[in-house]
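Engineer: Given chain C, put chain P in place with the hints provided.
Chains as they are written, first to last, in the UniProt record's numbering: chain C, 1 to 362; chain P, 1 to 308.
It is worth saying that the hints were derived from the structure and are not from the lab.
It is possible that some hints are incorrect.
Unchecked claim - Below 25 Å or equal to it, Euclidean Cα-Cα: the simulated DSS-like pairs (lysine-lysine) are:
1. K123(C) <-> K22(P)
2. K163(P) <-> K121(C)
3. K227(P) <-> K285(P)
4. K272(C) <-> K348(C)
5. K121(C) <-> K57(P)
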Amino acid sequence: MAGPSLRPHVHWAQRHRELYLRVELSDVQNPDVAITDNVLHFRAQGHGAKGDNIYEFQIEFLEPVEPKPVCRVTQRQLNITVQKKESNWWERLTKQEKRPLFLAPDFDRWLDESDAEMELKEKEEEKINKMKIESRVPKDPFKHLKKGYLVMYNLVQFLGFSWIFVNMTVRLFILGKDSFYDTFHTIADMMYFCQTLALMEIVNSLIGLVRSPLIPAVMQIFGRNFILFVVLGSLEEMQSKPVVFFIFYFWSVIELFRYPYYMLSCIGIEWKPLTWLRYTAWIPLYPLGGLAEAVCIVQSIPIFSETGKFSLGLPNPLNVTIQFSFLLQIYLIALFLGVFVNFRHLYKQRKQHLGPKKRKMK
Amino acid sequence: FVSYQVEILDWKTKEQLCFLDKVEPNATIREIRLMFHKFYPRWYPARQSIKLDPKGKSLRDEEILQHLPVGTTATLYFKDLGPQIGWTTVFLIEYTGPLFIYFLFYFRMPFVYGLDERFTSSPHPVVNLACICHSFHYIKRLIETVFVHRFSHGTMPLRNIVKNCLYYWGFAAWLAYYINHPLYTPPSYGKKQINFAVIMFLLCEAGNFSIHVALSDLRRNGSKTRKIPYPTKNPFTWLFFFVSCPNYTYEVGTWISFTIMTQCVPVGLFTLLCFIQMTIWAKDKHCTYLREFKDYPSLRMPIIPFLL
Chain C
1 MAGPSLRPHV
11 HWAQRHRELY
21 LRVELSDVQN
31 PDVAITDNVL
41 HFRAQGHGAK
51 GDNIYEFQIE
61 FLEPVEPKPV
71 CRVTQRQLNI
81 TVQKKESNWW
91 ERLTKQEKRP
101 LFLAPDFDRW
111 LDESDAEMEL
121 KEKEEEKINK
131 MKIESRVPKD
141 PFKHLKKGYL
151 VMYNLVQFLG
161 FSWIFVNMTV
171 RLFILGKDSF
181 YDTFHTIADM
191 MYFCQTLALM
201 EIVNSLIGLV
211 RSPLIPAVMQ
221 IFGRNFILFV
231 VLGSLEEMQS
241 KPVVFFIFYF
251 WSVIELFRYP
261 YYMLSCIGIE
271 WKPLTWLRYT
281 AWIPLYPLGG
291 LAEAVCIVQS
301 IPIFSETGKF
311 SLGLPNPLNV
321 TIQFSFLLQI
331 YLIALFLGVF
341 VNFRHLYKQR
351 KQHLGPKKRK
361 MK
Chain P
1 FVSYQVEILD
11 WKTKEQLCFL
21 DKVEPNATIR
31 EIRLMFHKFY
41 PRWYPARQSI
51 KLDPKGKSLR
61 DEEILQHLPV
71 GTTATLYFKD
81 LGPQIGWTTV
91 FLIEYTGPLF
101 IYFLFYFRMP
111 FVYGLDERFT
121 SSPHPVVNLA
131 CICHSFHYIK
141 RLIETVFVHR
151 FSHGTMPLRN
161 IVKNCLYYWG
171 FAAWLAYYIN
181 HPLYTPPSYG
191 KKQINFAVIM
201 FLLCEAGNFS
211 IHVALSDLRR
221 NGSKTRKIPY
231 PTKNPFTWLF
241 FFVSCPNYTY
251 EVGTWISFTI
261 MTQCVPVGLF
271 TLLCFIQMTI
281 WAKDKHCTYL
291 REFKDYPSLR
301 MPIIPFLL
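Chain C with its partners taken away, still in its complex shape:
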């Protein structure tokens, strides 16, 4: 009974290096699979779409393949894996342009070229990661030196800001509201010192000594020093305004919690109340500080307009006009945006560090 040969359903997929063929035949006993002259010959007895029969098909591959197909038989189907001779992405499986009717794409295993590339990349990355974990990281000989330096830095800053805070509080008690007006004259030198030293925080982040991200640190240091040196420092008129007191006070209270926390975490000690304070005190203090800075800028704008400080008018060889008061107005908008963005960032940080509270198991 030699009828016309029956073809099984074959599904195919590819990767850069190999081809997968899935033959829909179950209960296959002794499949005859061979590749000669780049043509795959398949013949087997099994149960397929037309019942129990002998099924066979031939496929001439688009490009050269290795002549050793790997066959895996399961109860429900037959998987053939063929290696391509060259690592390439094929636009179709067969040499002929028209797709054979028994051949269809295998959606379960299908990837398009860019996804297959990504898969390869991910596999390579996994290998590299494994190698990294397995090779031991060499011990850092400067570890103690670095820790010592960080502890010293944080300690010095803490002492500086404590001096500022205590000084301002005492003067507040003794002089009352009058202390507002000459805050700058008494405190400025120490504040200059602390804020100049704070530039080290940028360096620390830059050279990787500290794990905190660079850009928020730069923005914070730049923002504060701008207010301190440019807006307040260069205008005598601003220095006797009460807003200076509030700015300095808010800054110092925030730092009173921040620096001890860093100091202790360098040595590896965690004091829970301090952690809580460090990650909670900023919630009222940070926006209030921002508000004080904004008030300061608003008060300084008319003075810069009048005196024309840091401003450049025509004619000049650079052929540009710079109006510092205008730049300050733009800075004001940037300040509000910055405080808003930073607030969200700090809130996320807080959630990370203080963790989810009370988990009640019922």
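Structural biologist: Just chain P, lined up with the frame of chain C:
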């Protein structure tokens, strides 16, 4: 002969927007876009993003249905890209603006420098020269847009034009204001500085034009495939030995020469921003070239020979 059925779903809501019966297996995505357009006249083909996967890449017009990994009933996803505008139109609008805006300042319209200075002219010849150069630059760009450039993508989203126009027009106004100001100060090194700048300007404009012509010759017969550009007999194209995108190099050179010519900080700032933007584009293009062509010349850098 199996005819396909194509259903098109919305990429987000997955509701069926359209069902196409009896589609030829060798139909291109372009034809499917046209058929979809018949159902939804407001979504013209340029605005349609047709993909195999809701989060995937948009399919190209040239792709053929039966070569895609789909069964005989294909499911495609549609995303509206928003109103589109052709590149030629965008460039024409972007470049005509600065041309005329500059004139408003050059001829000192009354609302610019006040009634006292209206319609006066500057005593400095360099101001006239700057106007000529600036106008020449944008007229050249307009001519190139109409006659020289061949674009690989047809359209871009409409909101881009607002962004781009604000940038080009705004900067043109800002720098024109200072160059044509009654209190303008000519360059510190006088004629030497100006002459040097003019020569550099002309060389860079010629170079830029040569590169654009060379690039457009690569696509002479309307093909959309990418090819490696090579230096030709024109000496200006010899920059191709060292750089992937010499048109950007020459463009930055043009603006540097204009800065030197006018000695004006706003021009310098514009030059800096141009340089940054073009470096980003050049690096992108350079990476694309490297990915697509295995035999890409290794001496070439993206925008500055040997450096960047």
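Engineer: None of the hints should be skipped; say for each whether it holds.
Structural biologist: We went through each hint and held it up to the structure:
1. Note on K123(C) and K22(P): the hinted pairing is violated, with a Cα-Cα distance of about 42 Å set against a maximum of 25 Å.
2. With a C-alpha separation of about 37 Å, the suggested pair K163(P) and K121(C) falls outside the 25 Å cut-off, and the hint is violated.
3. At roughly 12 Å between alpha-carbon atoms, K227(P) and K285(P) fall within 25 Å of each other, so this suggested pair holds.
4. For the suggested pair K272(C) and K348(C), the alpha carbons sit about 19 Å apart, so the restraint of at most 25 Å is met.
5. Under the criterion of a C-alpha separation no larger than 25 Å, the hint pairing K121(C) with K57(P) is consistent with the structure, at around 19 Å.
Figure legend: structure checked against the earlier numbered hints; hints not met, in rising order: 1 and 2.
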